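Based on the hints, put chain Z in the right spot on chain C.
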Amino acid sequence: MCFRLPIWLQKTENDVVTRSILTATRVNDGVHLIATGAWTATQAVEIERAIEAQVAGGERARSITLDMAGVESFDTYGAWLLKRLQAAFRDRGQDFQITALPERYRGLQQDVEHLAIEEAKTSPSTWSPTDALEFVGRWVSDAWRQLVAFVEMLGALSLALLWAMRRPGSFRWTSAVHQLDRVGLRAVPIILLITFLIGGIIAQQGFFHFRKFGADEYVVDMVGILVLREIGVLIVAIMVAGRSGSSYTAELGSMKMREEIDALRTMGLDPVHVLILPRVLALVIALPLLTFIGSMAALYGGGLVAWVYGGMSPEIFIARLKEAISIEHFKVGIIKAPFMALAIGVVAAVEGLKVKGSAESLGLQTTTSVVRAIFLVIVLDGLFAVFFASIGM
Amino acid sequence: MQEAAGAIAVRVSDLVVAFGDHVVLDHLNLDVRRGEVLGFVGGSGSGKSVLMRTIIGLIAKKQGSVEVLGVNLDRANDHELKAVERRWGVLFQQGALFSSLTALQNVQFPMRENLRLSDRLMREVALAKLAMVGLTARDADKMPSELSGGMTKRVALARALALDPELVFLDEPTSGLDPISAGDFDELIRTLQQTLGLTVFMVTHDLETLRTVCDRVAALADGTVISIGDMSAMLRSQHPWMQAYFQGKRAHVLARSPVTMGA
Chain C
1 MCFRLPIWLQ KTENDVVTRS ILTATRVNDG VHLIATGAWT ATQAVEIERA
51 IEAQVAGGER ARSITLDMAG VESFDTYGAW LLKRLQAAFR DRGQDFQITA
101 LPERYRGLQQ DVEHLAIEEA KTSPSTWSPT DALEFVGRWV SDAWRQLVAF
151 VEMLGALSLA LLWAMRRPGS FRWTSAVHQL DRVGLRAVPI ILLITFLIGG
201 IIAQQGFFHF RKFGADEYVV DMVGILVLRE IGVLIVAIMV AGRSGSSYTA
251 ELGSMKMREE IDALRTMGLD PVHVLILPRV LALVIALPLL TFIGSMAALY
301 GGGLVAWVYG GMSPEIFIAR LKEAISIEHF KVGIIKAPFM ALAIGVVAAV
351 EGLKVKGSAE SLGLQTTTSV VRAIFLVIVL DGLFAVFFAS IGM
Chain Z
394 MQEAAGAIAV RVSDLVVAFG DHVVLDHLNL DVRRGEVLGF VGGSGSGKSV
444 LMRTIIGLIA KKQGSVEVLG VNLDRANDHE LKAVERRWGV LFQQGALFSS
494 LTALQNVQFP MRENLRLSDR LMREVALAKL AMVGLTARDA DKMPSELSGG
544 MTKRVALARA LALDPELVFL DEPTSGLDPI SAGDFDELIR TLQQTLGLTV
594 FMVTHDLETL RTVCDRVAAL ADGTVISIGD MSAMLRSQHP WMQAYFQGKR
644 AHVLARSPVT MGA
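From first to last, the protein sequence lines are chains C and Z. If you're matching positions, the first sequence starts at 1 in our numbering and goes up one per residue. If you're matching positions, the second sequence starts at 394 in our numbering and goes up one per residue.
Honestly, the hints are just simulated from the structure, not real lab data. Being a predicted model, the structure only gives us computed values, none of them experimental. Do not take every clue at face value.
[Claimed, not checked] The calculated DSBU-like cross-link candidates involving lysine-lysine, where the alpha carbons are at most 35 Å apart (straight line), are:
| hint | chain 1 | residue 1 | chain 2 | residue 2 |
| --- | --- | --- | --- | --- |
| 1 | C | 354 | C | 212 |
| 2 | Z | 455 | Z | 535 |
| 3 | C | 212 | C | 322 |
| 4 | Z | 535 | C | 83 |
| 5 | Z | 535 | C | 356 |
| 6 | Z | 455 | C | 83 |
| 7 | C | 354 | Z | 535 |
| 8 | Z | 455 | Z | 475 |
[As the list claims (entries may be wrong)] Simulated DEER-style distance windows between Cβ atoms:
| hint | chain 1 | residue 1 | chain 2 | residue 2 | range |
| --- | --- | --- | --- | --- | --- |
| 9 | C | 385 | Z | 487 | 47 to 55 Å |
| 10 | C | 262 | Z | 400 | 46 to 54 Å |
| 11 | C | 356 | Z | 633 | 41 to 49 Å |
| 12 | Z | 400 | C | 90 | 38 to 46 Å |
| 13 | Z | 463 | C | 375 | 58 to 66 Å |
| 14 | Z | 468 | C | 92 | 52 to 60 Å |
| 15 | Z | 463 | C | 135 | 39 to 47 Å |
| 16 | C | 258 | Z | 502 | 42 to 50 Å |
| 17 | C | 148 | Z | 509 | 33 to 41 Å |
| 18 | Z | 463 | C | 92 | 42 to 50 Å |
| 19 | Z | 633 | C | 152 | 54 to 62 Å |
| 20 | Z | 463 | C | 128 | 53 to 61 Å |
| 21 | Z | 633 | C | 185 | 48 to 56 Å |
| 22 | C | 99 | Z | 400 | 27 to 35 Å |
For every residue, glycine included, the Cβ atom is placed at its ideal position computed from N, Cα and C.
Chain C on its own, in the form it takes in the complex (with noise of 0.2 Å):
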């Protein structure tokens, strides 16, 4: 297939120099209108132009014939304007006659001048205070539904769960191991890489800016502990924000605009169940997983600045890890993991099902699902913060 120009780039030939497209000339009291030329869309600015210039200069005129004897080609559009210089003429008390016009645009002519449509109305938009009044109180309103709708879905789910822990056979194994293949094994050469590459970059900066004060081995206790506790699973979880909690939201929205969501219910199936329940047990499976690759990665990677750029040997870097960190700071960072998957996958559920019928909404809802998701991952950051400090992990 050809290649084509968008539309803006290409020449439009509406550019077209034009005749007079209605002439007048005075009898008596009245106005012979002559019209000529094409009264078609490309014409229209020009036919309405003189249109308005008729209608403000006829204005003492008794009687107004028009002669179409001469117009070459007419649709829609000409018969539209034709019937507003008709309607113009006739409003005012004029008499208004068409005349000689040719005998296959009649249907057409006589077809529009019977159509009605109604007029624009148009309502006044004024401000007022309380515009501002309600604008707050829907922001609060919507807030509120929100945080209803995560609760529900996250009931929802639970029942779910316990359903099929009481009946594994009705679970869906296929969809749970199909999304976790997705989610899961699939993400791992990104997050391989960025955490890789996030773990270098501290350990750089570390001895950048430790080495002035001679503390060059404290670099493997800061990358150690952050890794570990913080950045791992924090990059993990935004990565998978972005990569599995927007496709399931599009997923679930698509499915939603297209019927499919209704189509289930109407077969006696429970959404959550089928299609929300195996794709978020997948995510609280595999972002454990993928956390524990991601910290991996990132330390390797800090170990490797530390030998290339600190001239650090491998021996003296694990060596110093050793005692830097212990099974406590691994724990902290795994045990946010799964909840902050439940919190990416209930948001991006509740916002999939949220999907109206256009495919704007389902842009919209999509984005929201991300930014959603990430906030709350960095919420939950912060609550577990404060509550292995005050359990003294």
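Relative to the frame of chain C, chain Z by itself:
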């Protein structure tokens, strides 16, 4: 049968379309005369929609040529191609309305892109087009997701007709409509065809539509046009598929005498 070039709106010669090894259209020839309503029939999956989409340039062909309104689409440059595209309108099977625009904005869209019009005229003509297909100003501000199936088809038809095309392609215009709406739609297409002098290329399964609206009917089977002519020629055809189609259980509507539709 070769006819004068000016009298032909669409000429398809020796068209071959294949997806991989699967040949859908096999050396197909078809002429659509100017000013006629051509109904195109064929079993599900026989390639009716593929033919329509190939003519309007959405599917690449392996071989053959397509000439629309006197322009060979393979040899046309971008400028000529765009000029031809402005002279045809397409009604897709599902309507293909832009879901983020209202019904009125959907109809205005081709006008806004292709014509220089005042806002007032654009609004008025778009509302007039909607009124022509039987919709009111109240429906005009609805979003596509709020429209019923019949209304969606009507808005899509209004959009296809927005630029006053000479040729319209309709892909199953009455499918999914109730018989009353389908009947109204048939009548509407006939009226518009007569008042606007349209050439209509219509893919349809609706026997009632074929009987009341179409001047000629073409049947597609085995990748090629097996028969073309008016309804009585279709009924006389000896091809087994044609006999099954036009004399099957659901074809009893054809037994009635042809109805003449008022303009």
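Going down the list of hints, with the structure as the test:
Simply put, residue 354(C) and residue 212(C) have alpha-carbon atoms about 54 Å apart, too far for the 35 Å limit, and the pair is violated. For the hint pairing residue 455(Z) with residue 535(Z), the CA-to-CA distance comes to about 42 Å; that exceeds 35 Å, so the pair is violated. Distance check on the hinted pair: residue 212(C) and residue 322(C) sit about 24 Å apart at the alpha-carbon level, within 35 Å; holds. Distance check on the hinted pair: residue 535(Z) and residue 83(C) sit about 27 Å apart at the alpha-carbon level, within 35 Å; holds.
In summary, the hint linking residue 535(Z) to residue 356(C) is supported, as the alpha carbons are separated by about 14 Å, within the 35 Å threshold. A hinted pair counts as satisfied when its Cα atoms are at most 35 Å apart, and residue 455(Z) with residue 83(C) does not qualify at roughly 49 Å. With a C-alpha separation of about 19 Å, the suggested pairing of residue 354(C) with residue 535(Z) holds against the 35 Å cut-off. Annotation: proposed proximity of residue 455(Z) to residue 475(Z) holds, straight-line Cα distance about 23 Å (limit 35 Å).
Under the hint 47 to 55 Å, the C-beta atoms of residue 385(C) and residue 487(Z), about 51 Å apart, fit the expected range. Separated by about 50 Å at the C-beta atoms, residue 262(C) and residue 400(Z) satisfy the suggested range of 46 to 54 Å. Here the CB-CB span from residue 356(C) to residue 633(Z) is close to 48 Å, well matched to the stated 41 to 49 Å. The supplied range of 38 to 46 Å is met by residue 400(Z) and residue 90(C), whose beta-carbon atoms lie about 41 Å from each other.
Between residue 463(Z) and residue 375(C) the beta carbons are some 60 Å apart, a value that agrees with the proposed interval 58 to 66 Å. Checking the proposed 52 to 60 Å range against residue 468(Z) and residue 92(C) shows it holds: the Cβ atoms sit about 54 Å from each other. Separated by about 58 Å at the C-beta atoms, residue 463(Z) and residue 135(C) break the suggested range of 39 to 47 Å. Checked against the hint of 42 to 50 Å, the C-beta distance between residue 258(C) and residue 502(Z) comes to roughly 23 Å, which is inconsistent with it.
At about 51 Å, the CB distance of residue 148(C) to residue 509(Z) disagrees with the hint of 33 to 41 Å. A hinted range of 42 to 50 Å holds for the C-beta pair residue 463(Z) and residue 92(C), which are about 45 Å apart. With their beta carbons about 58 Å apart, residue 633(Z) and residue 152(C) fall inside the hinted range of 54 to 62 Å. In this structure the hint that residue 463(Z) and residue 128(C) lie 53 to 61 Å apart at CB holds, the actual value being about 60 Å.
Roughly 53 Å separates the CB atoms of residue 633(Z) and residue 185(C), a value that falls within the hinted 48 to 56 Å. Our hint of 27 to 35 Å for residue 99(C) and residue 400(Z) holds, since their Cβ atoms are close to 31 Å apart.
Of the hints listed earlier, those the structure fails to meet are numbers 1, 2, 6, 15, 16, 17, in rising order.
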